[in-house]
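Undergrad: Each chain is listed here by its residues.
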Amino acid sequence: MAQYNLSINGKSMNVDVDPNTPLLWVLRDHLDLVGTKFGCGIAQCGACTVHIDGEAVRSCSYPVSVIEDKKVVTIEGLSEKGDHPVQKAWLEHDVPQCGYCQSGQIMTAASLLAENPNPTDEEISYAMNGNICRCGTYTRIKAAVKTASKSL
Amino acid sequence: MTLIDKKLNRRSFLKVSTLAGGGMMLSFSWLAGCKPTAEEVLTMPDEWFTINSYIKIGENGAVTLFNPNPEFGQNVKTSLPMILADELDVDWKNVFVEQADFYPERFERQFTGGSNSVRSSWKPLRTAGATARHMLINAAAQTWNVPAGEIITSTGMLEHKSSGKKAGYGELASLAGTLEAPDPEAVKLKENADFKIIGNSKKNVDGAKIVTGKPLFALDHKVEGMKYAAIVHPPAFGMKLKSFDKSSVTSLPGIQDAFEVKVFKDDYGRNFFDTTTFPEIIAIVGNSTWEVMQAKKKLNVEWEKAPDSTFPMAGRGGQNMDIKVPGGLENSAAHKEKMAEYITKPGNVQRKDGDPEGAFKKAARVLERTYTAPFLAHNTMEPMNAFADVKGDKAVIYGPTQAPESIMNALSSSLGLPKENIQINLARMGGGFGRRAYSHHLVEAALISQKIQAPVKMVYSREDDMSAGVYRPTYSATYRAALDENNNLLALHIKAGGIPESPLHANRFPAGAIDNYLAEGWQIESNITIGAFRAPRSNFIAGAEQSFLDELAEEMGKDPIEFRLELLKRAETNPVGERNDYDPKRYAGVLELVREKSNWSAVPNGISRGVSAYFCHNSYVAEVIDVSIKDNQPVVENVFAAVDCGIVVNPDAAANMGEGAIVDGIGNAFYGEMAFENGVPTKTNFDKYRMIRHSEAPKKIEVHFVESTEDPTGLGEPLFPPVFAALGNSLYKATGKRLYDQPFQPQIMQMENLRM
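From first to last, the protein sequence lines stand for chains R and V. The first sequence: position 24 = 24 (the UniProt record's numbering), numbered continuously. The second sequence: position 23 = 23 (the UniProt record's numbering), numbered continuously.
It cannot be assumed that every hint is accurate.
[Unchecked claim] Facing chain R, from chain V, some residues (calculated, C-beta under 8 Å):
1. Phe72
2. Val211
3. Phe217
4. Trp290
5. Ser412
6. Leu415
7. Met429
8. Gly577
9. Pro651
10. Ala653
11. Glu659
12. Asp664
13. Asp687
Calculated from the structure, these hints are not laboratory results. All C-beta atoms, glycine included, are put in the ideal place defined by N, C-alpha and C.
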C-alpha cells in the first residue's frame with residue numbers, strides 16, 4: 001500500500017492503495033466517483049475513459065502510481081452543471097439507450113473536440129472507435145459530436 | 001394472430017402509504033429535455049398523496065409516476081410513465097419518474113423481455129391513469145357538491161364550468177387519495193385522437209443523470225461496511241470444481257475469505273429462467289474490487305470433468321421433469337460436422353401442407369441452400385453483478401435483472417428465507433438483450449452476503465461474463481424450393497435445427513403462401529447453456545429465410561420485393577392452412593413503405609442494395625440496406641426501415657431503439673461468433689470478440705413507422721432479425737457471392753477483388 005495525493009476534478013484527494021491499482025478502481029471504490037465505468041479491464045471498450053492532462057485515457061489500464069501530479073478529470077468534473085457542449089448535445093440528440101458506455105463516449109468526444117473543434121466524419125469515427133456501444137447508438141453519437149462541434 | 005391481452009388485475013390499484021422500498025431514485029422529466037426554464041416547472045412538493053400504486057400527486061400539483069418494469073435501455077422508464085401521464089391528463093413537465101422496486105402486490109408483470117413491456121402495459125397503465133383521474137374528479141365533485149359527470153379535466157386542472165369552480169390536481173389530491181378506486185372495467189379510456197403525450201417524443205428521463213455520471217446501475221451501489229466479491233468459475237463447459245486451496249488467497253492484501261457457493265439446492269425445481277452454467281463457483285471476498293480480482297489469478301484450484309448429470313425443472317403447469325446435461329468437452333468443429341449430419345436425416349415434422357414430397361418429385365429444378373450461424377455472447381457493457389445485504393432472516397438485493405419474479409423462487413430456496421423477507425430492488429441495467437432474464441448472479445451475491453453476514457457487491461470480470469454461457473445457440477437451416485419448367489414455385493421445404501434448440505417457426509411466412517409446404521425441426525443436446533438473445537430463434541431464421549427468398553426471386557427472374565408481395569397476396573386472398581400467425585396485409589404494408597422510402601428501384605451510383613422483411617413479436621418490419629465498396633471492404637452506407645408496431649408511444653426513442661437494433665444486427669452479421677475448443681470458449685474479452693465499432697455503423701439510418709391506430713406491439717426486438725438478410729443480400733449484389741454462413745467478415749476477407 002502507498003499514499004497518493006491526486007488532483008481529480010480540480011480537487012486534491014488522498015488515497016492509500018496498492019501502487020498497481022488502476023485509476024478506474026481508485027475512482028470507483030475509493031473516491032466514490034462511479035460515473036467512470038468498468039467494461040473490459042484491458043483498454044478495449046472505452047467505458048472507463050477519463051482525461052489525464054486533457055488527454056482521453058483508459059483508466060482501467062492506468063496504474064495510480066504513474067499519475068503523480070497530472071490532472072485527472074472524470075465525467076463528474078467535465079462541467080460544473082452538466083452543461084458541457086458535449087453533454088448538452090447528448091441530451092439534445094437523446095443519445096443514450098442503456099447509458100452505461102456513455103460517460104466514456106462523452107469523455108472521448110470532449111477530448112477530441114478540445115483538440116480538433118471541427119472534426120470531419122472520418123476524424124470522429126477514428127477518435128470514437130475505441131468506445132464500444134453495445135446498444136448501437138453510434139449514429140446518434142456522431143450527430144451529437146457534430147452538434148457539440150458547432151456550439152464550441 | 002393473437003395479441004396478448006393481460007387481464008387487468010385489481011392489485012394494481014391497491015393503495016400504498018409508503019414509498020415502494022429502495023432509494024428515492026427520482027428523475028424529473030424536464031431535466032433531460034433542458035427545455036422549460038426553472039420558473040415554468042414545479043418544485044418538489046411538501047407532501048405526496050398516493051392515488052394508486054403507480055401515481056402520487058403533491059399538494060403543488062407535481063406528479064410522481066412509477067415505472068414498474070426493469071429498464072435496460074429500451075426506455076420504458078420514459079415510455080410507460082408517458083402512458084400513465086396521458087390518461088391522468090397532466091403536464092409532462094410536472095412529472096417525476098421513479099423506478100419501482102419489485103413489488104408483485106402493487107405492480108403487474110415486472111418483466112423485461114419478449115418486446116412486451118409496452119404492449120402488456122398498454123391497457124393496465126392507461127386504466128391506472130384513467131382511474132386516478134376519476135378519483136380526482138370524484139374528490140372535486142364531493143368538495144364542490146356538484147355531479148362528477150359535469151367535471152372536466154385539462155392538463156392537471158379540474159373544472160366545473162356552470163359553477164365556475166376550478167382547482168389544480170394538487171389541491172384535491174389529499175382527498176382523492178382517500179376515495180375508493182372506481183371499477184377499472186367501468187372507466188372510459190381516451191380516444192386515440194385525444195392523446196397529448198402518447199405519440200409525442202419525450203426525452204429519456206434519466207438522460208441528465210447519464211451524461212453527468214450519476215450512480216444509476218447496481219455496479220455503482222455502495223453502502224457503509226460493504227465488501228467486494230469476485231467469482232471463479234470452471235474454465236470450460238463440461239468441467240466442475242474438484243478442490244481449491246483457500247490459503248492461496250486469504251493471506252493476500254485486502255482478502256477476507258474464499259469459499260464455495262452452490263447456486264441452487266439439489267432438490268430445487270428450477271424454472272425456465274433459472275439457467276446457470278456453473279452451479280458451483282468459488283467466491284473471493286475482500287476490501288476492494290481490484291484486490292479480489294487480483295486474488296482470482298493466485299487461487300490454487302483444481303477442476304475435473306463433469307459426468308452426465310440431471311437437475312429437476314419445475315415444468316409449466318406443475319409437472320416436474322428432469323433436465324439432462326451431457327458430460328464431455330465440446331468443440332466447434334465437431335458441432336459443425338454433427339449439424340451437417342442432421343441435415344441429411346429426417347427431422348420432426350412441424351407443419352405439412354399439400355403434397356410437398358410429390359411436388360419435389362415433379363419439379364424441373366430444385367434450389368437447395370443451407371445457412372448457418374454460430375453461438376453468440378450477449379456481451380452487455382455492464383458485466384453481471386449484484387449487490388446483496390443478507391443479515392439474519394432478511395435479504396435486500398439490488399441487481400440488474402430483467403426477471404425479478406423468476407429469480408425470487410431461487411433466492412428463497414437458496415437462502416432458506418420466505419419470499420416476503422426478500423426485497424429485490426431494480427437497478428437500471430447496462431444492457432440486457434435477454435441475458436439478464438437469467439439472474440443467477442443475484443443468487444450468487446445473496447449467498448456470498450449470507451455467508452459473511454455483511455453487505456457485498458459481487459462483480460464478474462469481462463472474462464467471467466463472456467465465458468459463463470447462456471449464449472444464443474448455434475443454428476442451421478436448409479431451404480429447398482421446387483420449381484417447374486416455367487419457374488413456378490411448386491413447393492417449399494425447410495429443415496432447421498441447432499445446438500441445443502431449433503430456430504423453426506413453422507407457421508410464419510412463407511407458410512400460408514405456398515400450396516405444398518413442409519417444415520421440420522431437429523436439435524442436438526449439449527452442455528453449452530443457451531438463453532434468450534434479442535429475438536430468440538427469429539434472429540437466425542429470418543436471415544436464412546429472407547436470404548433464400550432473395551436467391552429464389554433471382555432464380556425466378558423476379559424483383560425481390562415484388563416476389564414477396566406476390567406471396568403475401570396469395571396468403572391474404574387464398575391462404576394455405578389455418579395456423580398462419582401473421583397478417584399478410586400489414587406484412588405487405590411495410591414492404592411497400594420501405595420500397596417507397598428507399599426509392600427502391602432508383603439505386604444510387606456505387607451502391608448495392610438488399611431487402612428483407614420479417615414478422616415477430618406481433619410487429620412487421622422491412623429493411624433495405626445499401627452498401628458500397630471502399631478499399632476492397634464493404635461499407636454500410638444507408639439503412640431504411642419500415643415498421644408497423646401499432647401506435648408508437650415515444651417516436652424518437654422508438655427510432656433510437658430501432659437504429660440500435662440495426663447496428664446490433666450489422667455487427668453480429670459481420671463479426672459475432674463464439675467458438676469452443678475442448679469446452680473452453682475461445683474468446684473471453686473484446687480483444688478477440690469482435691464487436692461493431694463506431695466506424696462500422698451505417699452512415700445513415702432512417703426508421704419509418706406505419707401510422708396506425710392499432711394497440712402497440714413489440715419494438716425492441718423486431719428490427720433486429722431482418723438485418724442479417726438485408727445485409728447479406730446487399731453484399732451479394734456488391735460482391736457477386738452469396739453468404740450462407742455467419743459471421744460474414746472472415747469470408748469477405750478472403751474475397752480478392754470486390755466489384756465496383
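Undergrad: State for each hint whether it applies.
TA: Evaluated hints:
Taking 8 Å as the C-beta contact cut-off toward chain R, the hint placing V/Phe72 at the interface holds, the least distance being around 6 Å. Taking 8 Å as the C-beta contact cut-off toward chain R, the hint placing V/Val211 at the interface holds, the least distance being around 4 Å. At a threshold of 8 Å, the smallest CB-CB gap from V/Phe217 to chain R is about 7 Å, leaving the interface hint in force. The closest approach between the C-beta of V/Trp290 and any C-beta of chain R is roughly 4 Å, which is under the 8 Å cut-off, so the hint is satisfied.
For V/Ser412, the shortest C-beta to C-beta distance to chain R is roughly 29 Å, which exceeds 8 Å, and the interface hint is violated. For the restraint placing V/Leu415 at the interface with chain R, the shortest Cβ-Cβ distance is roughly 26 Å, beyond the 8 Å limit, so the hint is violated. At about 6 Å, the closest approach between the beta carbon of V/Met429 and any beta carbon in chain R falls short of 8 Å, and the interface hint on this residue holds. The interface hint given for V/Gly577 is broken, as the beta carbon of that residue sits about 37 Å from the closest beta carbon of chain R, more than 8 Å.
A least Cβ separation of about 11 Å between V/Pro651 and chain R goes past the 8 Å threshold, and the interface hint is therefore violated. A least Cβ separation of about 7 Å between V/Ala653 and chain R falls short of the 8 Å threshold, and the interface hint therefore holds. The interface hint given for V/Glu659 is met, as the beta carbon of that residue sits about 6 Å from the closest beta carbon of chain R, less than 8 Å. For V/Asp664, the interface hint holds, the least distance from its beta-carbon to any beta-carbon of chain R being 5 Å, beneath 8 Å.
A cut of 8 Å between beta carbons decides the hint on V/Asp687: the least distance to chain R is about 5 Å, and the hint holds.
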